[in-house]
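Chemist: Here is what each chain is made of, one letter per residue.
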Amino acid sequence: MAVLAPEVRSAAPRWLIRHETLLAAILVVALAILGLLNERFLTIDNLLNQGRLMTEVGLLALPMTFIIITGGIDLSVGSIVGLCAIMLGYSWKNLGFPLPLAIAFAIGVGGVAGFVNGLLITRVRVPPLIMTIATLALYRGLAEGISQARSVRNYPEWFFFTGQGEWLGVPVQLWILLVGIIMAGIALDRTTFGRTLYAIGNNETAARFSGLPVDRVKLVVYTLSGLAAGLSAWVLVSRVTTTRSDMGSGYELDVIAAVVLGGTSIFGGVGTIWGTVVGLVMIQLLKNGLALTGVKGDATIIVIGAVLIASTLIASSLHGRREVAG
Amino acid sequence: MKQLMKHRMMKTAALVILGVAMAGGSAVAADKWDGGDDLPTSPLACDAGPAAAAAAKPYDGGQTTGAPDKAGKPITLVDVPKLIGIGYFNATSKGMQDAAKEIGNVKVTTDGPTEAKIDEQIKFIDNYITRGVDGILFAANDPVAIAPVLKKALSKGIDVVGYDANSQPDARQWFINQAQFNGIAKAMVDAMAKEAGEDKGFAIVTSTFTTPNQARWIAEMSAYAAKCHPKLKWLETVEAQEDNVLSFNQATTLINKYGDKLSGLFGMTSVATPASAEAVTKAGQCGKLAVVGLATPNAMKPYVNAGCVKSVVLWNPVDLGYAATYVIRAVVDGKLKPGATSVEAGKLGKLNVVNGSEILLGSPFIFTKDNIKDFDF
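Chains as they are written, first to last, in the working numbering: chain A, 1 to 326; chain B, 1001 to 1377.
Calculated directly from the structure, the hints in this document are not laboratory data.
A portion of the hints provided could be inaccurate.
Stated by the list, open to error - Using 27 angstroms as the maximum straight-line C-alpha spacing, the simulated DSS-like pairs for lysine-lysine come out as follows:
| id | chain 1 | residue 1 | chain 2 | residue 2 |
| --- | --- | --- | --- | --- |
| 1 | B | 1073 | B | 1057 |
| 2 | B | 1337 | A | 93 |
| 3 | A | 296 | B | 1094 |
| 4 | A | 296 | B | 1373 |
| 5 | B | 1152 | A | 296 |
| 6 | B | 1156 | B | 1337 |
| 7 | B | 1032 | A | 93 |
| 8 | A | 296 | B | 1151 |
From a predicted model like this one, the values you see are computed outputs, not experimental measurements.
Work out the full structure, taking the sequences as your base and the hints as a guide.
Modeler: Given below as structure tokens:
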């Protein structure tokens, strides 16, 4: 890995040939082309609107970056979103909680769900892939069972401020996402916690023997993932004004795509929040730009897939070059 | 630390058990069938006869703000159905293209998600609002969730007309109702009582419990059966999400689960009905298990001709798309205003306004062995 190789002497500064910078460059080029093809694409109105729509996946992508850096994965995030959305509606309507308490309760349920994931992954040593596939089904089933597939509607007006309102001209949930990005970025880059994540991803045994609290850190990231899912559920319910038991289904794939596109290696040890953000923005704006240009829904999915493959090829060729040089 | 972990584990376990218990508690069946909604029902009279005219309701649709005057000018429309790629919405799309060609100055594109997901549908509509279309035709995956984005369209001066699956009334200007919900309910339940028997058990295969039109039909069917065929026994309703394979698997599971107690299957979507018929055929129960449902004729031709299915209830989806296009053109031209009692729809003639802002297409149509060969959609 690059961490152990000696400094590569090359003409261009290292930050320029990093995956994230290349990706940002591709993003800028793609935006320019789409902007030329469609005049409505690069308007503030449209861009802010896209920011609003990408918050739900964005909030999930931040802890997912942490998890994938440690070499794990969390496929149950979509189901946790569904479960939290249902618990929000259920606790408000059927259990009679006041709505602010219901929101806190829903986020708490998400935390518990993530905690259960983390507990069984660290204590019982179930591989994360298996565990989260199991909880994907379990939590979705709980959501459908508890809700009996009845949706909850008629929330008070103030509730919609989170999902549909604006503050200083920017959608409210985008502010929430921005705060999340800053906090996650600082945590990953500047704290011991962040360094521990990279250590676990690079060599878990060495990290353990170095005295790092590996199990506790893993527990924390999976719980964070659950909490983020609860937050995302709140934003989602507020945006669509109703709760349904199928909410969030399929989110895990969008989240992982954004994280991997951003340069986080699926094998662990490499990744940045900045990369995830670029990946997230890229997917959202590509989908939007293509739709505005008149490309039909199914063709857009093909383009996203092609972009993902291209990005993985670039990432592996960059890492390969560093390995060979070292 | 260990104490804390143990405490936390117990708390988690308690919460999980609580959740399961709540699920179990709320699974105790209510006295009406699963899959119906909670809105008031109005079952028709038991004997054959036209439905009594409902009392006129005041207009309850939404309004556009700042819509530019495009009367008589060419307009571009987008049609966003529940999902694309199934025969039913291919048929409505065809009807829209036929109408567009007849009217002359209308261009309609059909675009939508490949799965019946409300979140995806909202994104599609949102993108088209940004692109700037003159009108939106929709069939909603969820009546409440779709309302904010439709209201956004109305506020930007875009005309909004629904068909097939309604939204909240104030989120669109008009809704083309293919058939009265109680009319469909009567046709379905009468057919089932005749084919399976007055006191037999049946099960329902639907899309999801929250899909608006399916929920409405099941609620009306429940009320009509309670009124006119009280001995019919409802066994279970299962969700099959408009997915072929899932519908087949759910139907097969029902056949295996209930065995002789099951004498009939209701298919509530154009995907569930042929899949249920296939499940019945594969289980060798053709003729012994009645299949009654909503479906397009082409999908049901093999089963009707084999005698497995005796009656297929539907309306003409091609006419539905056709009428929707004519209605939105009339709205743009200012010929259809709130408070109107009827609208001209090309070759369909005059269609009546019911329920405040709904336009009725007509009565349900029953496809049988005798007439199914005349249809090709």
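Chemist: Does each hint hold? Answer for all of them.
Modeler: Okay, the hints, checked on the actual structure:
For the given pair, residue 1073 of chain B sits about 32 angstroms from residue 1057 of chain B by alpha-carbon distance, which is inconsistent with the 27 angstroms threshold. Using a Cα cut-off of 27 angstroms, the hinted pair residue 1337 of chain B and residue 93 of chain A is violated, with the two alpha carbons roughly 38 angstroms apart. Restraint check for residue 296 of chain A and residue 1094 of chain B: satisfied, since their Cα atoms lie roughly 17 angstroms apart, inside the 27 angstroms limit. The straight-line distance between the Cα atoms of residue 296 of chain A and residue 1373 of chain B is roughly 34 angstroms, outside the 27 angstroms bound, and the hint therefore fails.
For the hint pairing residue 1152 of chain B with residue 296 of chain A, the CA-to-CA distance comes to about 22 angstroms; that is within 27 angstroms, so the pair holds. For the given pair, residue 1156 of chain B sits about 19 angstroms from residue 1337 of chain B by alpha-carbon distance, which is consistent with the 27 angstroms threshold. Distance restraint check for residue 1032 of chain B and residue 93 of chain A: the Cα-Cα separation of roughly 21 angstroms lies within the 27 angstroms cut-off, and the hinted pair is therefore satisfied. At most 27 angstroms may separate the alpha-carbon atoms for a hinted pair to count; residue 296 of chain A and residue 1151 of chain B meet this at roughly 24 angstroms.
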